[in-house]
Every structure is written in C-alpha cells, then in structure tokens.
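Next come the chains, spelled out residue by residue.
4 protein chains.
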Amino acid sequence: MPEKKPHSNWRAKVHEIIYEADTPAGKLFDIILLVAILASILLVMLESIESLDEKYHMFFNVSEWVITILFSIEYILRIISVKQPIKYVTSFYGIIDLLSTIPKYLSLIFVGTHALVAFRAIRLLRIFRILKLVRFLSASNHLATALKASRAKISVFMLAVLIITIILGTVMYLVEGKDHGFDNIPKSVYWCIVTLTTVGFGDITPQTPLGQIIASLIMIMGYGIIAVPTGIVSAEYTKHTKDDGAHDKHTTSALPPHPSTVNTNSQSCANCLASNHKDGAEFCYKCGYQLHHD
Amino acid sequence: MPEKKPHSNWRAKVHEIIYEADTPAGKLFDIILLVAILASILLVMLESIESLDEKYHMFFNVSEWVITILFSIEYILRIISVKQPIKYVTSFYGIIDLLSTIPKYLSLIFVGTHALVAFRAIRLLRIFRILKLVRFLSASNHLATALKASRAKISVFMLAVLIITIILGTVMYLVEGKDHGFDNIPKSVYWCIVTLTTVGFGDITPQTPLGQIIASLIMIMGYGIIAVPTGIVSAEYTKHTKDDGAHDKHTTSALPPHPSTVNTNSQSCANCLASNHKDGAEFCYKCGYQLHHD
Amino acid sequence: MPEKKPHSNWRAKVHEIIYEADTPAGKLFDIILLVAILASILLVMLESIESLDEKYHMFFNVSEWVITILFSIEYILRIISVKQPIKYVTSFYGIIDLLSTIPKYLSLIFVGTHALVAFRAIRLLRIFRILKLVRFLSASNHLATALKASRAKISVFMLAVLIITIILGTVMYLVEGKDHGFDNIPKSVYWCIVTLTTVGFGDITPQTPLGQIIASLIMIMGYGIIAVPTGIVSAEYTKHTKDDGAHDKHTTSALPPHPSTVNTNSQSCANCLASNHKDGAEFCYKCGYQLHHD
Amino acid sequence: MPEKKPHSNWRAKVHEIIYEADTPAGKLFDIILLVAILASILLVMLESIESLDEKYHMFFNVSEWVITILFSIEYILRIISVKQPIKYVTSFYGIIDLLSTIPKYLSLIFVGTHALVAFRAIRLLRIFRILKLVRFLSASNHLATALKASRAKISVFMLAVLIITIILGTVMYLVEGKDHGFDNIPKSVYWCIVTLTTVGFGDITPQTPLGQIIASLIMIMGYGIIAVPTGIVSAEYTKHTKDDGAHDKHTTSALPPHPSTVNTNSQSCANCLASNHKDGAEFCYKCGYQLHHD
Chain F
1 MPEKKPHSNW
11 RAKVHEIIYE
21 ADTPAGKLFD
31 IILLVAILAS
41 ILLVMLESIE
51 SLDEKYHMFF
61 NVSEWVITIL
71 FSIEYILRII
81 SVKQPIKYVT
91 SFYGIIDLLS
101 TIPKYLSLIF
111 VGTHALVAFR
121 AIRLLRIFRI
131 LKLVRFLSAS
141 NHLATALKAS
151 RAKISVFMLA
161 VLIITIILGT
171 VMYLVEGKDH
181 GFDNIPKSVY
191 WCIVTLTTVG
201 FGDITPQTPL
211 GQIIASLIMI
221 MGYGIIAVPT
231 GIVSAEYTKH
241 TKDDGAHDKH
251 TTSALPPHPS
261 TVNTNSQSCA
271 NCLASNHKDG
281 AEFCYKCGYQ
291 LHHD
Chain S
1 MPEKKPHSNW
11 RAKVHEIIYE
21 ADTPAGKLFD
31 IILLVAILAS
41 ILLVMLESIE
51 SLDEKYHMFF
61 NVSEWVITIL
71 FSIEYILRII
81 SVKQPIKYVT
91 SFYGIIDLLS
101 TIPKYLSLIF
111 VGTHALVAFR
121 AIRLLRIFRI
131 LKLVRFLSAS
141 NHLATALKAS
151 RAKISVFMLA
161 VLIITIILGT
171 VMYLVEGKDH
181 GFDNIPKSVY
191 WCIVTLTTVG
201 FGDITPQTPL
211 GQIIASLIMI
221 MGYGIIAVPT
231 GIVSAEYTKH
241 TKDDGAHDKH
251 TTSALPPHPS
261 TVNTNSQSCA
271 NCLASNHKDG
281 AEFCYKCGYQ
291 LHHD
Chain C
1 MPEKKPHSNW
11 RAKVHEIIYE
21 ADTPAGKLFD
31 IILLVAILAS
41 ILLVMLESIE
51 SLDEKYHMFF
61 NVSEWVITIL
71 FSIEYILRII
81 SVKQPIKYVT
91 SFYGIIDLLS
101 TIPKYLSLIF
111 VGTHALVAFR
121 AIRLLRIFRI
131 LKLVRFLSAS
141 NHLATALKAS
151 RAKISVFMLA
161 VLIITIILGT
171 VMYLVEGKDH
181 GFDNIPKSVY
191 WCIVTLTTVG
201 FGDITPQTPL
211 GQIIASLIMI
221 MGYGIIAVPT
231 GIVSAEYTKH
241 TKDDGAHDKH
251 TTSALPPHPS
261 TVNTNSQSCA
271 NCLASNHKDG
281 AEFCYKCGYQ
291 LHHD
Chain P
1 MPEKKPHSNW
11 RAKVHEIIYE
21 ADTPAGKLFD
31 IILLVAILAS
41 ILLVMLESIE
51 SLDEKYHMFF
61 NVSEWVITIL
71 FSIEYILRII
81 SVKQPIKYVT
91 SFYGIIDLLS
101 TIPKYLSLIF
111 VGTHALVAFR
121 AIRLLRIFRI
131 LKLVRFLSAS
141 NHLATALKAS
151 RAKISVFMLA
161 VLIITIILGT
171 VMYLVEGKDH
181 GFDNIPKSVY
191 WCIVTLTTVG
201 FGDITPQTPL
211 GQIIASLIMI
221 MGYGIIAVPT
231 GIVSAEYTKH
241 TKDDGAHDKH
251 TTSALPPHPS
261 TVNTNSQSCA
271 NCLASNHKDG
281 AEFCYKCGYQ
291 LHHD
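Protein chains in written order, with the UniProt record's numbering: chain F, 1 to 294; chain S, 1 to 294; chain C, 1 to 294; chain P, 1 to 294.
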C-alpha cells in the first residue's frame, strides 16, 4: 500500500544521503560508514588482546561509544527516512543495523554481573557489524547468480561427502580405536572431514598400517572429488557469462565499480526499498514511487 | 517372466505407500523413514561416546530396538509388496535394508561372549543405514552422469598419481631414512600421498635439505596436478549441461526437488522395480505391469 | 633403412605375442606381465619393512630372483623380435626394461661389501619397474594432449609461484627469525611452499603477530591462485574435447578400454616400433613394413 | 617530447644489445643476465645458512661484489642508452634494477654498526633481484589478461572470505577460548584462515565437541568455495582462448618461446621504452622513433 503523498523535505534529503550513492553527500556518507565499520571491527579484535586491553582500555571504551552512537543515529535516520519502517526493520540489513548498536547498550545493564561468558558473547555480537559491508558488495550479482544456480548440486555433493565421512569415520574408529586418538565415532568423523577436505591438522593421525591405507584412500578421494564442486560452479559460471555476452565483456574487464561511482543500481526506492533501478529512472519499477527529489 | 494376475488389494496398497512418493501416505512414509534413518545414525554415533553410553545406556538400547523393529517391518513389507522378491533382496537397496536390521539381532546371540572386537564391528554395521539415504538422492542424475563419463580419465589419473607417489616415496625413504620417520617404503609412500594431496598432517616431515627440496617438488606437483581431475570433470560437465540446454536451464535454477514432491521418477514398478517412469505413465515401460492402482 | 626380408617364423611369433595385444597369446602375455610388475613392486615395498624382511627373507629373495629372470627373458625376447634392437634399447621402455633386471644382478657383485647406502640405492632402483605400467596407460592420449598443450602456461605459472615463495620466504626469515624455526632462507622458502600449496605440515609455524598476518596473506593467495592452473587445464581440455565431438562422445562414456581388448593402437610395428596403426592396417604407416603375420 | 636527432653510434649499439633480444650480442647479454640473477639469488640464500657462511664467507663476499658491479654497469648502461632516462629510472624495472645494486654499497656504510636487524634487512633487499626475471616472462600475456579480467570478481570473493573468517574466528574464540590456544580474536581469525584455506598447520586445534563441529563446517565450506575462484578464472580463460581461436591454437601447443628467439615483442623503443612492436616494424608505433639501427 504505497502512500503517494510527498513527505517532508528533510526526510527526502536524508533518504537521498543514505540511500543514494550518486550525490556528493551520499558519497561522503558511504565513505564515513565504511570507515566506521572497519574501525569498529578493528576495535573488537584489538580489545580481545589482553595486553592491549589493559593498556588502552579507556581509549577502546570511548571509541566504542562514539561508534555505537554513530550507528544508532544511522539506524534512527534509516527508519525515519524510509516510507515503510517495518519492512526495513525486519529486513536483513535492518537486523544487522540493530545488532550493530544494541550490544554496547546491553553492556550497561550487565555491568555489575559476573556472568562473564554471556557478557562476552553479547559484546562480541558487535563483530556482525562486518555484515554491513555486504551492502557494498552489490557489484557481485553475477557471482551470486552462478552460486545460487549450482546450490542444488552443491547440496547433493555436500550430503554425499557427509555420508562418505560418516561411514569412513566409523571404519577408522574400528580400525584405530581409542589408543590412537580415535576416541569415538563423532571424533573419527571429525578426523575424516579434516582429512577429506585436505586440511590435515595432524592432531590425530592413523598409526596402524591398515589405518594408513584407509587414510590414503580418503586423501586421494578428497583430492579427486574436489573437482566436482569446481566443475559444477565452473560450468554454471561459463553458461551465465555466455548468456549476456556483450554486457559481460564490458563489466569483467573493468575494475570493481566503486559503490559511489556507479550510476545504476546505486539508489533504492524510499517507499519499498527496491534497488537496481534503470539508469535515469524517475519512478520505482516496483511500486511507482518517485525516485529523484531534486 | 512378469505374472500379470492382479494381486491382493492390501499388497497393492502397501506397494503404493512404500514405493510411490506422490500420495499423502507415501509422503508420510518417506518422512518417517528419513527421520528413522537420521535418528538411527545419531544413536550409533552417540553410543560410541563412552561417557554418554554409561549414562544413557538403557535409553540407547530401547531406542535402538524400536528403530530395528521399524526397519524390520519395512524390510518385510518391501519383500511382500514387490512381485519379484528375489530381485529386491539381491539388489543394492535390498542388501542395505537387510544390513539395517540384522546387527541388533546378532547382538542377542553374541551377548555372552567376550569377543569384543567382532561384536563391536557387527554393531557398527548399523552405520551403513546411512546408505538408505541414497534413495533420496535420485535428483542428482546429472551429476552422476558427468562423474561416470569422466570415470575412465579419473582412473588413469589416479593410477598416474599412484605411480608418482610410489617412486617418490621410495626416493624419500632412501634420502631421509629411518631416523626421520620414513621407516619403510609403504610408510614413505603414505607420507608421499599425504603431501601430494596437500593434506600435510605433519606427523612425519623431511629433515634433511635434500629431503625438503624433494618434498617441495612433490607439493608443487600436487598443487599443480589437482587441475587435471578438475579440468576433466569441468569439461565433461560443461558438455552435459550443453547437450540438454532448455531442460537444464529449468532444473539448475530450481531448488533440489524434495523427494516427495517430484511427480516423475518417484514411483517404481511393483513387478520389476524399474523406476524413472514417464509422468502420468500407466504401465511400466520395462515389463508392461500396471503402475497406478487407484 | 627398413630391411624387408621376412625374418624367421618364431621371431615373428614372439613379436606378435609381445607387441600385439589382440591375440589370445598376446592377451595372456599382457596379463602375466601386469601381475609380475605388481608382484615385483609389492615385494620391494614389503622387503623394506624390517620385521617382515627378517621373517620372510628367504621367500623374498627367491621371489625376487624368479621375477628378475622373468623380466630378463622378456627383455631378451623384445630385443630379438624387434628389427631395430638399438632403437628399442635406447627408447624409454628399453631403459626401463633394463633397469628392471639389472639391480638384482648387481646385488651379486656387491654382496660382500658393506657399502650399505649404495647397495640399498641400487636395490631400490627396482621400484622403477612400476614405469612398465605406463605401457598400459595408452588410453590416456587425450589427457596427455591437454596437459602438453598447457605445459607452457603451467611452466610460467610455476616460475611465478617460485618467485613469490622466494620473496615471501625471505620476508618471513626476517620477520620470524631463527628463534621460531625459520633458521635460514632456504628453510623459510620451504615453509613458504608448504603454506602456499596449502599442505601445511605444521612443523614450522609463525609465532609473531606480523608473521601470522603475512602467513594469512600467503595462504589466501595460495587458496586463490590454485584457480590458475585449473582454469588453464580446464579451458585447454574443453577445447580439445570440442575439436573431435562425435569421437569423443563415444570414448568418454565408455570404461577405460582394457589393453588387451582394444583393436586399434594395440600393436606396434616389428620394424620401427611405431604404434597407433589404423584398425585392420596391413602395413606400418611409417615404414611400410608388414604388420600381421598369420 | 621525443627528440629525433640521431644519437651517438655507441649508445645505439648498447641499446641494441640490452633491449633487443634478436641479435647475437643481445642473446648473449640476456643469457649472462639470467645466469647473474640466478647466481645472485642462490648466493643470498646460501649466505643465510650459518654453517655455510662461516666456511665460505670470503667467497660469498667476493662473488657478491662481482655481481653487484655487474648489475651496476648494467644499470648505468640502461640509463645511458635510453632517450628518456627519468622514465626508465621511475619505471618498475628501473626501481628493481636500482634495488639490485644498492644494498651491497650500503653495507659499506653500516659496516661498523651493530644495528644487525636493519643491516640484515638491507642486505636481504637483494632478494628482490629475482623480480628482474619478470622481464623474461613476457610470454604470459594471455594468462595475465585472464587474471586481470577476473580481478574484480576475485576481489569480491576475497572480501567475502575475509568477512566469513572474521565472524567464524570470533565464534571460535568464544567457543574454545584461551585454554585451547584461541587466545584472542586476531589469533582465532588466523586459525580460521588456516582452516578455511585447507592449509591446516595443526598448531592450534579445536578441543571441545562444539568447536570441532564448527571447525568441520569451516573445512567443508573451504573445500566447497574453492570452486568459486576456479570457476571464475576458468570461465574467463575459456572466453579469452575462444576470442582468438586460430592464433591461440598455434601458441598453446608450442613450448614457451625463449626470450631471445621471439622476433616480435623482443625489442623496445630507445625513445619511449614501448615494446610489443610488430614484426619487421621500422618505427615505434607510439612515438614514431626509428627502431632498427643497422
């Protein structure tokens, strides 16, 4: 139910800054947002290093509050400037944006408690701010399409891998047993996954000749069947790049378009949040709401 | 020799439930079967964890009996409802279905013995129940075709890998010797497979400069020739997806069809077990036996 | 200079048995040869296991002599039955066939000496007998073509990998130093190859934060650039399979043709050793020498 | 501003020797340069092995001086013979050529100091001489094009990998904690990269069941998504080899053309350093300067 009445001017302005990357103010906003996200992630990571936290605890705390307040303002502005706030709040980005602000406020409540693990977990929720970066990945539509197209086959492949590892894990548990680190079937299956995926930590290794022969088979199998997902994505990808020949030739040989320099795709409707509008489009292709307000 | 006489009504009904996934009863049966298989596998895995087994031994035992009896009933019903029981019993699924029930009954016989290893091995045979899941993988025909088509080349590749690892394993045995963990040629070959497949456990590592140089060569070789199986499957796969263009475009962009929602392929003949019947087929394409009994 | 005079009947017969796989005698010869090679390789491997060698030394020694004499006879027969023995002796197979017999005879000469390393090295030369298996790999012409076609690009890629590992190895030597196992540049480069190829033994690992950051870069790089050889071989392979469409569709979906059942390719000229003759060819396409002698 | 006045004869001669690989003198120069680079790299690597350095310190020092003086002469000649020395000096090759000579001279200045780390770092700068080899890699234009074309997508992929590892690294830090080696988030992220890229050092491994389950997911994910860069490069590469069919068929089946035998590409303009001139070109395609001076 798109309401067509022109909303107040400053809300339109805010929408333009936040959602449209092709104006100077929009560009600036994007850059500030990017820097804030990266700084925030760096803060969470450095805070977890004990020696650094002891030294710079005050600095970390203040910076964290600055970033939290910044993100809070962004969250409120996004809600205000969008026509259908509920839709935004319940969207993927809406949840991520909320998660970016809440943990620090919650830390005020839990300040006196000694429930360290829960507290730490909540504080670390801030790391999910990195998902705000996904907004800047919109250039990778092509890649996502190929991945989505091969999702079914990759699922089947993954299930096949799981079946193989469970059977071979059980066999290895029987052959090697508790004495050589294969304590129980789940652990054996874990080892089997470590080996089949060619990771090979080496914390558990087969010691008996028979165990080593089976391990060799698992390794060669893992080395061989890695070809399967690769072949699938490769074929899927080749097909997709072929479908839109001319267009593709243009995009692939260019640098990843900087979010703020792309004229298409870069703005989303203030009413229904739909993006990927045509170049120079005046109205949203989905709900007919007017796009540009100059 | 297909006998065409109409068999008793309840046997037809049972066949419909078990073998045809497109009726409500058939769907329910598939879902119960799926849950039973997964529960059964989980049970076998959890039982192997000693601390859990001590605590919940009674619960594990009862659950196992419930599942075993369930699978036994399924096995008997499958035999009864199929026209040619021998064919089913000796088929891949027939053997898997038998293996799913027998171990628990055998445990009654071996209950007093102390032959722990044999007993454990028999109990663990239950893990092969996971192969019952293969029935649900019928959607992956495309993948299997590509794999089967490149089987010959992958075999040649595997043989080449084996020849390389045996020769280089022997060389490493000579260079590093017993003092650095390369005790004998089979162990050296095992190490060579671990290295070439880029698993790299690290339980045995070359210590001499010459050994490390040879190891580097093996690793770079392994890193390079992984391209070969990938290239093969990739090319094979591209060819197959190209052969049936229109049809493929439809299937690849869809979710993996849930076993109980696919209308084709989902039922098999009560007489000869042939599946992959055409949509709406009335008679088996192989033996002419009537398919639907409504 | 092919001499056209008909050679003695038994030499023609021997040639037929050894070089032509499409007669019953030829098939039998191929099977015996295959078994002898595999038994011989197994012997060399088992002999290297000390505990087994102590127990079954006598048995190993006798078996080895039987196989050696068998290979010697084969070698002599091959020389006799071929028109241009020099050509055969200096060919790849000729050298491998010689290497298959000589080590055991040399062990008679060195029997009294204590030069263990040299002696062991000579004995282990027998492992190269496995290369006699290459004769049975003739079905993989297609694969070899794709590999040969991408040889140039893979060489360039390997050189690039080497340059990267030498530079990054030096940097890691500087960053981590002797205290963390990066004793000298060659060892650092070795570690770098272990890491870039995603083998990851774990015998040497970076301990400093900076070292771990650089290691992360190396790993991600290694994970990414593995795509390069794969892409090359894949593209090369796709091209080759496309060139001979109809023919390929036939071969790829079949099992690897057993050496003794293929009618083409399976015989080589008694005069110039050329193989890959056309089906039903009467004369060698290279030197005009008559092929069949029935 | 290309000056067209004919420069002195000996400078033209020097230019021909250094920049043109298709004259006997040019070929000889290339070979000497190649040997000098390889010898120099070998020297740096061997010097870092303490036991060797103690024994052959004198020899290493003298050899290093010989090579340094040789490279210095080369550098000066390159500057003299080129029309626009500034352009050369500030180019990639110009900087590498300078870096190849300077470290040894700097060692004279720091000879008395005890600033070992700085001194060692400067001496090790010589390893960058290996980049002089890049000049010989000009045959790999095709490969570089495919890589450059997929650069955008690979960047997006790398960013996605980074986002995944940071989130999962934080989760693992929470699950496993300090007691099992996951001291802080950066270290957890490092472990996550080690695991996702299937390197798997094994210096840090998950110990709790939950940690091992998450680790299994990371490994299977890493095993699966390696298909993505491979698919991209593969598709990109296939497209590029298809674009120039006839030409490609010729180059791919040939050996990598030796730098000194290629008639095209092998000479660069004395005025503007542009290379890749057409076969038999008389004037530079970029600045019109005369190419051959015979």
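Careful: at least some of the hints might be erroneous.
Claimed, not checked - With a straight-line cut-off of 30 Å between C-alpha atoms, the simulated DSSO-like cross-links for lysine-lysine are:
1. P/Lys178 <-> F/Lys178
2. P/Lys148 <-> F/Lys27
3. C/Lys239 <-> S/Lys239
4. S/Lys239 <-> F/Lys239
5. F/Lys239 <-> P/Lys148
6. C/Lys83 <-> F/Lys239
7. F/Lys148 <-> S/Lys13
8. P/Lys104 <-> P/Lys27
9. S/Lys148 <-> P/Lys239
10. P/Lys104 <-> F/Lys148
11. P/Lys104 <-> C/Lys239
12. P/Lys148 <-> F/Lys148
Unchecked claim - In silico negatives: residues of chain F with every beta carbon more than 10 Å from chain S:
13. Arg11
14. Val35
15. Asp53
16. Arg123
17. Leu133
18. Thr205
19. Ser216
20. Ser234
Said to hold, decoys possible - Computed, partial: chain C to chain S, Cβ under 10 Å:
21. Thr23
22. Ile49
23. Glu50
24. Leu52
25. Tyr56
26. Phe136
27. Phe157
28. Ile163
29. Ile167
30. Tyr190
31. Leu196
32. Gln207
33. Thr208
34. Ile232
35. Ser234
36. Tyr237
In case anyone wonders, no lab produced these hints; they're calculated from the structure.
A virtual CB, placed ideally from N, CA and C, is assigned to each residue, including glycine.
To see whether the hints hold, each was checked on the structure:
no.: 1; hint: P/Lys178 <-> F/Lys178; result: holds (27 Å)
no.: 2; hint: P/Lys148 <-> F/Lys27; result: holds (27 Å)
no.: 3; hint: C/Lys239 <-> S/Lys239; result: holds (11 Å)
no.: 4; hint: S/Lys239 <-> F/Lys239; result: holds (11 Å)
no.: 5; hint: F/Lys239 <-> P/Lys148; result: holds (20 Å)
no.: 6; hint: C/Lys83 <-> F/Lys239; result: violated (54 Å)
no.: 7; hint: F/Lys148 <-> S/Lys13; result: violated (40 Å)
no.: 8; hint: P/Lys104 <-> P/Lys27; result: holds (28 Å)
no.: 9; hint: S/Lys148 <-> P/Lys239; result: holds (27 Å)
no.: 10; hint: P/Lys104 <-> F/Lys148; result: violated (56 Å)
no.: 11; hint: P/Lys104 <-> C/Lys239; result: violated (50 Å)
no.: 12; hint: P/Lys148 <-> F/Lys148; result: holds (25 Å)
no.: 13; hint: Arg11; result: holds (39 Å)
no.: 14; hint: Val35; result: holds (38 Å)
no.: 15; hint: Asp53; result: holds (33 Å)
no.: 16; hint: Arg123; result: holds (32 Å)
no.: 17; hint: Leu133; result: holds (27 Å)
no.: 18; hint: Thr205; result: violated (4 Å)
no.: 19; hint: Ser216; result: violated (5 Å)
no.: 20; hint: Ser234; result: violated (4 Å)
no.: 21; hint: Thr23; result: violated (24 Å)
no.: 22; hint: Ile49; result: holds (4 Å)
no.: 23; hint: Glu50; result: holds (7 Å)
no.: 24; hint: Leu52; result: holds (9 Å)
no.: 25; hint: Tyr56; result: violated (14 Å)
no.: 26; hint: Phe136; result: holds (8 Å)
no.: 27; hint: Phe157; result: holds (8 Å)
no.: 28; hint: Ile163; result: violated (13 Å)
no.: 29; hint: Ile167; result: violated (16 Å)
no.: 30; hint: Tyr190; result: holds (5 Å)
no.: 31; hint: Leu196; result: holds (8 Å)
no.: 32; hint: Gln207; result: violated (16 Å)
no.: 33; hint: Thr208; result: violated (20 Å)
no.: 34; hint: Ile232; result: holds (7 Å)
no.: 35; hint: Ser234; result: holds (4 Å)
no.: 36; hint: Tyr237; result: holds (4 Å)
Going down the numbered hints, you'll see the structure goes against 6, 7, 10, 11, 18, 19, 20, 21, 25, 28, 29, 32, 33, while the others check out.
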